[in-house]
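Number of protein chains: 2
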Amino acid sequence: MSKYDCLKLENQLCFPLYACAKAVTRHYKPLLDEFDLTYTQYITMMVMWEKKSASVKEIGECLYLDSGTLTPLINKLESKGYIEKHRSDDDARGVVVTITEAGKKLRDKMVKVPTAMGGCVALSEEEAGELYTLLYKILNHFDEIDAE
Amino acid sequence: MSKYDCLKLENQLCFPLYACAKAVTRHYKPLLDEFDLTYTQYITMMVMWEKKSASVKEIGECLYLDSGTLTPLINKLESKGYIEKHRSDDDARGVVVTITEAGKKLRDKMVKVPTAMGGCVALSEEEAGELYTLLYKILNHFDEIDAE
DNA sequence: TAAAAATAAATTGCATACAATTTAATTGCA
DNA sequence: TGCAATTAAATTGTATGCAATTTATTTTTA
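Chains as they are written, first to last, in the numbering used here: chain A, 146 to 293; chain B, 146 to 293.
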């Protein structure tokens, strides 16, 4: 019982969160290498599969990423042929990102990825649900703080 | 109900994990800026506060980091005066990192950080415990997989 | 309506992460 | 013993992340 206990690694909640997130993306790598995508590129494609078309700002809001991360990432996805960029007609400051046919086809090939990854995580359906709820509770609270 | 549902961002467990870990380290930043430490430097100091002395390899095992990340990070902590590096007597391949007096003093100043951060996370004691358990369940399972 | 404020991307700079390679030293075994 | 295999750090290269600044454009407002 020391006043320093709060600074012990084993008493942190943030550390397993940090370590777990890294472990997950690390274990995604071999699955995604097959498609020549990084994890961040993969979740960006998830946004594009759902939206078909979105501004950099909108993608950033979905993924909690800013233009500093997204601009080079989107350029890479464009050079791979999965998306296209063009200036917005409505607002010349904005860039609209649109999914290509190749990008849509990629979706069919990648449907097997989540199942393959799910096998790694080893939580029951119920535990996964609990974790999901707790993580979004934290995320939503941060959103509220940041909105101020 | 589409076969693509598994590729929706909202159905991912890994994404909130990834986003949450980033949000947490982002919210640590203003607290750690005061001490001129990054989050990774902070958790490295946690290991040093507990162990007083450890090899780069041991630190890496605690934090799930490799020498590619730790070598430059440890050099920075050394230049700040919080730790010292020297070759191991037992094994000249190894480097032993030791905490300095300044490093020990830093601990006293930083005891308030975990409380300040805890206020941000907004989970009950019980929820925090659940999350902790679930995260280590995933981490431990990855450790088992990786040990093979 | 013209200047000020705000906004969207891009750019710059710094700090991770981590795979892969290299270097130096140690182990293990033939 | 002597060399092959292993190991610990360091190094190299690529890809984030994100704060801060810059540029171009749009909105607000005096």
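Read the hints as simulated data drawn from the structure, not as lab findings. Just so you know, not all the hints are guaranteed correct.
Because identical chains cannot be distinguished in the list, a pair is counted as satisfied if it fits within a single copy or across any two copies.
BS3-like mimics (lysine-lysine), calculated; alpha carbons at most 27 Å apart, straight line [what the hints assert, rightly or not]:
#, residue 1, residue 2
1, K249, K282
2, K282, K250
3, K167, K153
4, K225, K282
5, K202, K167
6, K148, K249
7, K282, K254
8, K221, K282
9, K230, K282
Structure-based check of each hint:
Neither within a single protomer nor between protomers do K249 and K282 lie at most 27 Å apart by alpha-carbon distance, with minima of 32 Å and 35 Å respectively. With identical chains, the CA atoms of K282 and K250 are never at most 27 Å apart, being 34 Å at best within one copy and 36 Å at best between copies. Within a single copy, K167 and K153 get their C-alpha atoms as close as 20 Å, and across copies as close as 21 Å, so both meet the 27 Å cut-off. In this assembly of identical chains, the alpha carbons of K225 and K282 never lie at most 27 Å apart, being 36 Å within a copy and 37 Å across copies at closest.
Taking CA atoms no more than 27 Å apart as the test, K202 paired with K167 passes in both settings, with 25 Å inside one copy and 18 Å between copies. For the homomeric pair K148 and K249, the shortest alpha-carbon distance between copies (14 Å) is at most 27 Å, but the shortest distance inside one copy (56 Å) is not. In this assembly of identical chains, K282 and K254 lie within 27 Å of each other by CA distance neither inside one copy nor across copies; the values are 32 Å within and 30 Å between. Taking identical chains as interchangeable, the C-alpha atoms of K221 and K282 are never at most 27 Å apart, the minima being 33 Å within one chain and 35 Å between chains.
For the homomeric pair K230 and K282, neither the shortest alpha-carbon distance inside one copy (34 Å) nor that between copies (42 Å) is at most 27 Å.
Of the hints listed earlier, those the structure fails to meet are numbers 1, 2, 4, 7, 8, 9, in rising order.
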